[in-house]
Amino acid sequence: MAIFLQSLLSGILVGGVYALIGIGLTIIFGVMRVINFAHGDLLMLGMYVTWGLFALFNIDPYLSLLITAPVLFLWGVLLQKVFINRVLNALPQNQILLTIGMGLVMSNAIMLAFTSDYRILTTSYTSSAFQVFGLSVSQPLLYSFLITVAITGALFWFLQNTDTGQAIRATAQDRDAAQLMGINVKRMSVLAFGLGTAMAGIAGALLAPTYYIFPQVGGPFTLKAFVVVVLGGMGSIVGATLGGILIGVTESLSAVYVASGLKELVVYVLFLLILLFRPAGLLGKSRT
Amino acid sequence: MSSLLRSLRTPRGFSAPAFLAYLAVIGLVALVPQFSRKPLILHMWIMVFLAIAQGSAWNIVGGYAGQYSVGHAAYFGIGAYTTMLLLELHQIAPWYGIGLSMLNAVLLSVVIGSITFRLRGPYFVLASISMAEIIRLAALHFKDLTRGAEGILLNGIPPLETPWFTVKFLGKVPFFYTSLGLAVIVISVTWFVQHSKLGYTFQAIREDQDAAHSLGINPTLHKNLALMLSAAFTAAAGSLFALYVRFIDPNIAFGIDVSVQMVLICIIGGIGTILGPVVGSVVLVLLSESLRNPKWLVQAGLLADSSPTVAFIEARLSNAHVLFYGVLVVVVVLFAPEGFLGLLRTAVARVKKRLAAKPTPPSQPAAAA
Numbered sequence: 033m034a035i036f037l038q039s040l041l042s043g044i045l046v047g048g049v050y051a052l053i054g055i056g057l058t059i060i061f062g063v064m065r066v067i068n069f070a071h072g073d074l075l076m077l078g079m080y081v082t083w084g085l086f087a088l089f090n091i092d093p094y095l096s097l098l099i100t101a102p103v104l105f106l107w108g109v110l111l112q113k114v115f116i117n118r119v120l121n122a123l124p125q126n127q128i129l130l131t132i133g134m135g136l137v138m139s140n141a142i143m144l145a146f147t148s149d150y151r152i153l154t155t156s157y158t159s160s161a162f163q164v165f166g167l168s169v170s171q172p173l174l175y176s177f178l179i180t181v182a183i184t185g186a187l188f189w190f191l192q193n194t195d196t197g198q199a200i201r202a203t204a205q206d207r208d209a210a211q212l213m214g215i216n217v218k219r220m221s222v223l224a225f226g227l228g229t230a231m232a233g234i235a236g237a238l239l240a241p242t243y244y245i246f247p248q249v250g251g252p253f254t255l256k257a258f259v260v261v262v263l264g265g266m267g268s269i270v271g272a273t274l275g276g277i278l279i280g281v282t283e284s285l286s287a288v289y290v291a292s293g294l295k296e297l298v299v300y301v302l303f304l305l306i307l308l309f310r311p312a313g314l315l316g317k318s319r320t
Numbered sequence: 611m612s613s614l615l616r617s618l619r620t621p622r623g624f625s626a627p628a629f630l631a632y633l634a635v636i637g638l639v640a641l642v643p644q645f646s647r648k649p650l651i652l653h654m655w656i657m658v659f660l661a662i663a664q665g666s667a668w669n670i671v672g673g674y675a676g677q678y679s680v681g682h683a684a685y686f687g688i689g690a691y692t693t694m695l696l697l698e699l700h701q702i703a704p705w706y707g708i709g710l711s712m713l714n715a716v717l718l719s720v721v722i723g724s725i726t727f728r729l730r731g732p733y734f735v736l737a738s739i740s741m742a743e744i745i746r747l748a749a750l751h752f753k754d755l756t757r758g759a760e761g762i763l764l765n766g767i768p769p770l771e772t773p774w775f776t777v778k779f780l781g782k783v784p785f786f787y788t789s790l791g792l793a794v795i796v797i798s799v800t801w802f803v804q805h806s807k808l809g810y811t812f813q814a815i816r817e818d819q820d821a822a823h824s825l826g827i828n829p830t831l832h833k834n835l836a837l838m839l840s841a842a843f844t845a846a847a848g849s850l851f852a853l854y855v856r857f858i859d860p861n862i863a864f865g866i867d868v869s870v871q872m873v874l875i876c877i878i879g880g881i882g883t884i885l886g887p888v889v890g891s892v893v894l895v896l897l898s899e900s901l902r903n904p905k906w907l908v909q910a911g912l913l914a915d916s917s918p919t920v921a922f923i924e925a926r927l928s929n930a931h932v933l934f935y936g937v938l939v940v941v942v943v944l945f946a947p948e949g950f951l952g953l954l955r956t957a958v959a960r961v962k963k964r965l966a967a968k969p970t971p972p973s974q975p976a977a978a979a
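Protein sequence lines, in the order shown, are assigned to chains A and B.
Residue numbering for the first sequence follows our numbering, beginning at 33 and increasing consecutively.
Residue numbering for the second sequence follows our numbering, beginning at 611 and increasing consecutively.
Simulated from the structure, these hints should not be mistaken for laboratory data.
Since this is a predicted model, take the numbers as computed values, not measurements.
Watch out, some of these pointers could steer you wrong.
[Stated by the list, open to error] Not the full set, but computed from the structure, chain A residues with beta-carbon under 10 angstroms of chain B: (1) 118; (2) 125; (3) 294.
Backbone N, C-alpha and C define an ideal beta-carbon position, used for all residues, glycine too.
This is chain A alone, in the form it adopts within the complex (with noise of 0.2 angstroms):
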């Protein structure tokens, strides 16, 4: 029962983390119908850019976050502005070749700048934890995770309650109603993919303390960012957020009852059959 008990607490700490990365995801995706290959390599970016700062200037990774996520917003705009834009209205299948490619580039960009090493961010905190009620608590993923809750909370209140976040929302309704009712169309799309481009980097700061850090380490989680959002609804946030937990618990659970090999192949098993069975996910609507 203490293992079982265990692993859902540390599936459901990593799923946090998930949740973030898909939620990035299914911004974009909703806004602009654009599947982001790419998004792991956002991920991995952040994780750079954390790795930098705490060896350059040796700045804490959850407080550097206060400069990775607006880089990787900046990124993110200039990427849409730049690629993305273009193919708007192109075959889905040269957008997603499209960002695929930006992913090659970023990947193999950073592998040529920090060569293939796998790095390490050690704090003092990174291999610490907490006791509570018998289980343990690591510090690092209980951080991120307060982190993730915090963000996820504040971007939900700006979606519904801000003019802006509303217009994002009905961009992601209905482009052409949207525009008609006098919404900026272009600039959502900027805006969404700078945010969903600032939530994959956040994600990857978050990662940073607790993963190894590379140039390849993004498509493992563009793939998980995928099974997050299909199985949460593509498009949903409050899907993507549930979504990620359950990959998160569906992982570690596997990885103690099935094998640690297999959790991967487990979680791709499940994504087929709610690809199979109830292709608009948990919360999602009908997809067309």
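Given chain A, work out where chain B should sit, using these hints.
Chain B alone, transformed into the frame defined by chain A:
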């Protein structure tokens, strides 16, 4: 008699000059080892042939049937693993092994197809990727069958003995001819796909699945047929690759890069065309091999051994080939969505237009007078 003649009638889309040109090119290429046996040069050719085979095989389902599978590493890897395991563990010669590996891939494609073809567009892409990933992770985990991350090292290939001749698989020349043969077969199959009724149904599904369905084409069946054809030849390419490189592990055989490369070959060359994958393979292989191993340029006589370019590439750019792939894809998608072949076609059309337009102006004043 007349019915026999009719059945011998040239197939649709057949043009004698094009066919003769095709044969002439194959003949010329087949003569290459007579002139140069420098290993790096032959290596380049072999890599190009294998890339053509993979790209053309993907093109059947991706280009003609319009189903963007990004999980073809599954078939490539199953081909490579079947042939290698049969040879290493059961001493079954690879020429039988390749056949069995193609059969295996077809069976796998039926399973994968019947699951993934229920989805469309981006969902299909995601499903195909996760299928290949599931197989890669399984190959890493089930060590008893695949030896896991340790991989399979090939000790040697038995000689092929026929009543007329014996082929020893030493050096690069036998691989040059086998991979050339495979490339020629796959290109020919693509030609038949483009000009046969079966191929028309593929293209109808690509253009509008619902319209094709309403005309009595069973989309699921025909997509599966396209995938089976494609999987069989992808597996053959995977087998030859494994035999040539003599080592495979789950990441080399089933890695997502393998799938992406097949798509890139077609996109860069020109998707849904016969020559597209050929052009794409030449571009991609030249690029990646030149950066990975610039010594071939020396062997080809293009650069001197002491050339600073070679030293620079070896020191600075040996890991950069994927970066260039990425840049190439971004540029092609943004500026030439129909690939190099599309660029060429528009250029030719422009020149033709200019040539056709030129003679008219001088004649006009005369007509007016």
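Index of numbered hints that the structure contradicts, given in increasing order | none
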